[in-house]
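*Asks:* Protein sequences, first through last, are from chains A and B. Each step along the first sequence adds one to the number in UniProt numbering, with nothing skipped, and position 257 is 257. Each step along the second sequence adds one to the number in UniProt numbering, with nothing skipped, and position 333 is 333.
Simulated from the structure, these hints should not be mistaken for lab results. Treat the hints with care, since some could be wrong.
Only some residues are given here: those of chain A computed to face chain B with a beta carbon under 7 Å [unchecked claim]:
#, residue
1, His12
2, Pro15
3, Asp16
4, Lys43
5, Glu45
6, Pro46
7, His47
8, Arg53
9, Thr54
The beta-carbon is built from N, C-alpha and C at its ideal position, and this holds for glycine as well.
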Amino acid sequence: MQALVIAAHGSHLNPDASDPTYAHADTIRETGAFDEVREAFWKEEPHFRDVIRTLESDEVFVVPLFISEGYFTEQVIPRELRLEQWDPNKWASDGTSASQATLEAGDVGKTIHYCGPVGTHDAMTDVIVQRAETATEDPDVGEGFGLAVVGHGTERNENSAKAIEYHTERIRERDRFDEVKALFMDEEPEVDDVTEYFESQDVVVVPLFIADGYHTQEDIPEDMGLTEDYRRGWDVPAAVDGHRIWYTGAVGTEGLMADVLLERAADAGAGIGEAREAVRELAGSPAKAVAESTSRTGTGD
Amino acid sequence: MTVASDDHEILVDCASSGIAFDGLRVDETDETYSLETPENEWTGLEKDELEQALESCEEYVTNWRYWQKTVGGEGTSRREFLRWCERAPLDDANTKTPRDGALDDGNTGERAVEEPLAVPERYDALRDGIDRQWGQLSITTRFLDVDESNGARVYDLWHVADANSDLVDLEVHDDPRDAREIATYDEDGRYRPLKTAPSLASGWAFTGLSGDELVETVGFFYPATVANWHRELSGNLDVDHWLETAERQTGIYDVVDELPREAVAWLAEACCDDSQCLRRREWEYDEDDDLGVDGGDGQFPCREPCSLVIAAARRWAILESETERTYQLELTTSELNQLEELIDAVAEGRTDEIREADVTDGANRYRARYLRAKRFDEDGTLDATQVDD
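Start from the sequences, fold in the hints, and give me the full structure.
*Replies:* Below is the structure:
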C-alpha cells in the first residue's frame, strides 16, 4: 500500500487557506493512484505531528504544498514528522532542485519519501502558464502579452525569490510571451510598479502563492492599483496606467497543481499509473475546455 | 436468513490453517473438520457435513466473513474502532490502560451496557442498530439488510443533538468529504480552527456508510482521534509533554519554552478544559512534573500541546516577560465587581446570552458602555496611574 500526504500550512484564522489542499487531494483521490490520500497541516488538523499514524500504508510519500525550499520544508515539516535522519543536505539542492529523501518516521515503522515542495518542481512552470490561460480565458495567450510571476520575496529566505526567478526564466525560454518578469512584494523589483516593467499593453499577473488570502486578495490588487479597496473587487482585465492587467489570484488554486503533487511523488518512486493523464483531464483549464468545445463545433481547420 | 454458499466455500478454504474468531472455531485434521461455537461442537465432519453444520451457526459465519474479509486490517485502528462501534470484543482490550475508563461514561450508569457483546447478542442488537458516541458524533451500526442479512454492516452518523431528529429534517450526506465543510464552521458560521472544539454544528446526517467510509468521515470531523485512541488502548500512546514540545519550537515560536511553569498551568486551565476541547489532556509540564490542572474527561487523548495552544503560548510568553507594576485607579466596589463579571462572561463565552435589558448583569452591554464612558479618558484608555518606579 502507498499513501500520499499533502503537507500544507493551513490557518487558525482563515477557513479558505486549506481549500486548495483539499481540492488537489480530492483530484488525486479520484485517480485512485494512492491507497490513501491525506491532507496535513501546520495550523490545522490533522497536524504534521499526527498524520503518519493515521495511515495504514507502509510507503508514504510526503509532498509539501509550499512554494519554496526553506524554513518549512527544511526544518518544520521534517522535524514535526519525526524524520530523525533528516538533513537538508539529503536533498542536495541549490534552492530549487530538491527531489526527495527516503527516511523513517520515528513514531511509526514506515518508509517516508520526503519530497521537495511543489513550487520548485519543473511542472510548476506549466501551472503558471495555465494560470495565465485561465486568467485570460485564452488557451493560446502569449503573443502581445507580458507575464509577471509574483513572489513574496523576503530577506529571511533567499530561496523564496529563487523559485520565482527559476520559473520566470523557464517561461522566458519558451518564447511564448513577449515579456516575462519576476516581481516581488517585499523586495525589488516590486509588484506595485508592475506597469513600469512592461512594454506590452496586456500583462497577466500570476502570484506564486499556494492559497488565496490577505496577500493575493487584498495587498497585491491594491498595491498594483487594480482597485482602491479590495472589498469592492476589480475587473479582469483592469486598466492601470494605459495597461490592461489580468489578475485572478493565487496560482496554487489552479487545478493542474494536483499534477505537480503527483509528479513529485512519482519522482520519489510512487507508482501512479495513468493518474497524471487523469489529473490533466480533470484539471484541464477552463480556457482549454472552451478551446476544445470550440474546435469540436468550430471551423474544422 | 440464508448464508450465501460462497461464504461457506471461503470459510472451508481457510479452515485448513485454522479459524478462531469471535467464538467460532474451525479446524482441519486429516481431511476431517471440527467446528465449535460457544453453543455447539462438532467433530470428525466431512467437507459436506461441515457445510451443513455451518448452516446452523450462520451468525458466526457471516460475522467471520464481515470482519476477516470485508473489514480486514488486523491490528489497525480502523478495525478496532469499527469493533468498538458495535461493542465487539477489542483485540487490544487486554492491554487497556487505566485511563481507558474514560471511554465509558461511568457517571451516566452506561458502564454496564458498555461490556463487549458476544456474536448472538450483537446480532440481535444490530437489527435495531447499536449506538455509540464519539465526541459530539452519534454513530449507529446496523445491518445493511435486516431481513436478508448476510452480516454486512452499514453505519449512520449524526450530531448527538440530532439523536431524536427525523431524518427528513436533516441534511443527508453520503460522501465522507462533506464532513470537512460541516466541521469548518460553528452554528453561527464562525470558523472552527480546532476540530475537537465542542462547537460542531448540528442538522446533518451521514447514512449507509461502509466501515471504511465511516472511519474516513470521523477522520474529517476529528482528525487523528481514532489513531491516538487506539494507541492508548494498546498501551503505546506516545505523550510529548510541555517542555519537550516547547523546546522543539523554532522561528517565531522559539520563545514558548520561556513561559513560566505557573503560566503553563494557567494555559492548560484556559485552553484544555472540556468546555473548550473534547480531547483529554494527557501531557503535563514534564514527564515527572504534573501540572496539577484537570485534563478533562474527553474520550480521545491529547498527546501533546496542539498548534492553537502553541500559538497562544507564544503570545503569553511575550506578555509574561513584562514586569508587574502597581497602578492606582478610581473604582467603586460595584465597578470592581463588574470588571470581574466582564472577564468571566468573555472567558465563558456567554456575552451573547446576556439579555439586552438585563442591567443587573455586570457584563451587560449598556453596563459595559457606561463604565467605559465614565472611566476611560479621551484616548479610550482606563484612567490609571502607575504608582511604583
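*Asks:* Each hint needs a verdict: does it hold in this structure or not?
*Replies:* Hints versus structure:
no.: 1; hint: His12; result: holds (4 Å)
no.: 2; hint: Pro15; result: holds (4 Å)
no.: 3; hint: Asp16; result: violated (9 Å)
no.: 4; hint: Lys43; result: holds (5 Å)
no.: 5; hint: Glu45; result: holds (4 Å)
no.: 6; hint: Pro46; result: holds (4 Å)
no.: 7; hint: His47; result: holds (6 Å)
no.: 8; hint: Arg53; result: holds (4 Å)
no.: 9; hint: Thr54; result: holds (5 Å)
Of the numbered hints listed earlier, the single one contradicted by the structure is hint 3.
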